[in-house]
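Colleague: For reference, the chains in residue letters:
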Amino acid sequence: MSTLVIKNLQVSVDIEGGTKEILKGVDLSIEQGSIHAIMGPNGSGKSTLAYTIAGHPKYHVTGGSITLDGEDVLKMTVDARARAGLFLAMQYPVEIPGVTVQNFLRTAKTAIDGEAPPLRPWLKEVKESMTELRMDKAFAERNVNEGFSGGEKKRHEILQLELLKPKFAILDETDSGLDVDALKIVSKGVNRAHENTGLGVLLITHYTRILRYIHPDFVHVFVDGRVAEEGGPELAERLENEGYDRYLAPAEA
Amino acid sequence: MAAATTEGTAAPTTTIEHGNKAHSDGGWAATGGSFVPVQTRSDRFKSTDPSEFPNVEGFESEWKLTPLKLVSPLINDTLDGSVYEISAVGTTPEWIDRTDARIGSTGKPEEKASANAWSSFEKALLVTLDSDEHVDVTVTRSALGSAARAAHTIIEAKPNSVSTVVLQNTGSALLSENVEIIVGDGAQLTLVSVQEWDDAAIHVASHFATVGRDARFRHIVVSLGGKVIRLNPSTHLIAPGADAELFGLYFADAGQHIEQRVYVEHVAEKTKSRVNYKGALNGEGARTVWVGDVLIGAHAAGTDTYEQNRNLVLSEGTRADSIPNLEIETGDILGAGHASATGRFDDEQLFYLQARGITEREARRLVVLGFLSEIVQKVDAGELQDRLKLAIEAELQGVSA
Ligand SMILES: Nc1ncnc2c1ncn2[C@@H]1O[C@H](COP(=O)(O)OP(=O)(O)O)[C@@H](O)[C@H]1O
Ligand SMILES: [Mg+2]
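Chains as they are written, first to last, in the numbering used here: chain A, 1 to 253; chain B, 254 to 654.
Source of the hints: derived by calculation from the structure; they are not laboratory data. There may be inaccurate statements among the hints.
DSS-like mimics (lysine-lysine), calculated; alpha carbons at most 30 Å apart, straight line [claimed, not checked]:
{"hint": "1", "chain 1": "A", "residue 1": "Lys124", "chain 2": "A", "residue 2": "Lys58"}
{"hint": "2", "chain 1": "A", "residue 1": "Lys137", "chain 2": "B", "residue 2": "Lys642"}
{"hint": "3", "chain 1": "B", "residue 1": "Lys642", "chain 2": "A", "residue 2": "Lys124"}
{"hint": "4", "chain 1": "A", "residue 1": "Lys137", "chain 2": "A", "residue 2": "Lys75"}
{"hint": "5", "chain 1": "B", "residue 1": "Lys523", "chain 2": "B", "residue 2": "Lys480"}
{"hint": "6", "chain 1": "B", "residue 1": "Lys631", "chain 2": "A", "residue 2": "Lys153"}
{"hint": "7", "chain 1": "B", "residue 1": "Lys523", "chain 2": "A", "residue 2": "Lys127"}
{"hint": "8", "chain 1": "A", "residue 1": "Lys127", "chain 2": "B", "residue 2": "Lys642"}
{"hint": "9", "chain 1": "B", "residue 1": "Lys642", "chain 2": "A", "residue 2": "Lys153"}
{"hint": "10", "chain 1": "A", "residue 1": "Lys127", "chain 2": "A", "residue 2": "Lys58"}
{"hint": "11", "chain 1": "B", "residue 1": "Lys299", "chain 2": "B", "residue 2": "Lys376"}
{"hint": "12", "chain 1": "A", "residue 1": "Lys137", "chain 2": "B", "residue 2": "Lys631"}
{"hint": "13", "chain 1": "B", "residue 1": "Lys642", "chain 2": "B", "residue 2": "Lys523"}
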């Protein structure tokens with residue numbers, strides 16, 4: 001059983017004329033097989049946490065650590081992190097002109113596994129996952145994210161999650177911009193991966209809506225670059241009713 | 254891709270001289286307006302006699318982006334115009350006399366190297382296409398040698414013929430040539446000119462095409478190998494319904510100069526053109542030039558045109574110029590637009606691929622192949638398409654991670 005441990009993580013970005021501190025000491029520990037929700041208002045640093053775990057070059061770690069089963073994740077290249085079992089479903093997946101989904105998926109799978117998957121079982125698996133995610137066959141021939149609708153992009157992210165079988169998945173606002181039907185389809189995909197592969201999930205969201213379909217074991221409230229509060233699923237209900245106000249403007253005595 | 258992007262659509266009854274110079278020498282490409290004097294393209298001086306052109310000094314707008322020293326023998330020296338060795342598949346080309354009526358039927362030289370070749374060739378190579386069922390033709394030149402020489406080629410697609418012609422160029426060359434392309438009424442012709450010369454080869458070419466009523470012409474220039482390649486295709490849409498697609502694909506390595514000046518003239522009404530050139534640059538001194546002139550003539554009502562050029566910069570020390578020009582002499586057009594962009598690798602694309610376990614090197618390879626594949630996919634000669642993919646892969650061997 002793997003564990004992803006984040007300790008006192010501090011992260012900044014370069015801005016015009018200096019640097020800006022975004023994460024101000026984040027502590028978080030996730031066991032494989034468990035589901036954690038990270039909830040917080042816009043601008044609280046949720047995406048920064050996600051990108052930093054994945055190794056985006058824009059985010060500079062100024063303190064703290066991220067380890068996967070004791071291995072220093074921060075020393076790994078972006079691709080090495082993915083091969084070590086980390087997966088980030090992006091909030092804004094980018095277009096890759098001229099690279100088909102089919103080609104991309106197979107290249108990624110080959111990179112992760114260290115060898116090309118046997119063709120027939122692979123094609124079958126891709127087809128099955130696509131059917132489950134209600135993606136048309138023609139999708140495989142389209143260029144990665146090119147001309148995809150918001151919903152199609154998110155399904156495509158979850159398709160990758162199912163096929164690449166990481167140990168931990170970070171889902172950055174996978175729910176945003178989805179209608180209820182698409183939200184259910186996407187949630188089912190995540191739950192399937194969780195059941196089939198014992199995936200650990202870090203579910204980043206602004207709204208509680210997706211938590212009706214994906215049930216977290218733990219909830220962390222993120223405010224201003226820190227975990228402001230954490231608890232069980234009941235914390236999500238409380239946020240549903242009260243919103244983030246009480247974290248933003250401390251209640252007067 | 255970000256950086257140095259210009260886009261535009263032209264309002265009717267305007268003459269637009271759009272000069273955009275995009276340099277890329279290390280950092281993000283910078284855009285600056287460099288305007289050339291307005292001169293209607295159709296008024297440009299033409300002659301088959303090189304002595305009627307002034308001496309080329311190097312600052313002329315026609316030549317100022319070209320390494321003049323290297324091409325100078327083709328402009329100023331005596332050229333060997335004798336018949337040379339070719340190999341052909343799917344056709345039996347003929348050598349025809351200079352007096353043949355087809356010679357000069359599509360256009361005349363607009364610069365001195367072209368005129369020098371025109372006045373020097375002894376016989377022209379003729380490829381005739383007359384089958385109304387699709388035929389595949391390949392004409393290969395691989396033994397031109399390194400002495401300065403001239404060539405003249407006529408490709409005649411008879412009315413209603415359907416064909417794909419590949420002109421395959423390998424080996425050494427110091428060549429100035431003219432290629433005339435006659436696309437008859439109702440004909441469908443794809444012409445692919447592939448430059449895979451030896452590293453030292455120098456090649457200056459003008460293509461002249463006329464496209465007849467309801468004819469479809471697809472012209473694809475693939476330039477990968479050679480020290481200097483300057484290939485300027487002019488296409489005249491001379492009858493209603495004429496349709497031209499002009500594509501280009503180039504990959505300039507260290508020290509390589511690849512230039513193309515594309516000209517489309519909408520002469521007749523209801524004509525359509527699409528121009529799309531894509532190039533990659535890698536290595537110190539890799540240099541590309543794309544100029545795209547589109548002229549919508551006074552009688553070309555209902556014209557529909559769009560031209561674009563995109564360059565992907567893979568390393569420091571390269572320079573890409575990209576200059577679209579649009580001239581419009583009639584108010585009644587369907588559409589006219591252009592786009593030009595030169596940029597570096599999109600780091601977000603690389604991050605996305607790497608975040609899926611793909612190494613940086615492999616990610617770059619995928620992005621470049623993807624960028625160029627839009628044009629590769631237009632090469633409908635199946636075997637050639639596969640071979641071009643391999644050739645681009647080979648070019649990518651030199652791209653560092
Ligand atoms: N690359 C960046 N450059 C400048 N500011 C950034 C950058 N990325 C994030 N920020 C800032 O950091 C804060 C947190 O952003 P983000 O992590 O995207 O928050 P969230 O995902 O919770 O909405 C915001 O104020 C945002 O503007
Ligand atoms: Mg975010």
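Colleague: Would you list, in rising numerical order, the hints stated earlier that this structure does not obey?
Modeller: Result: hints 1, 4, 5, 7, 10, 13 break, sorted rising.
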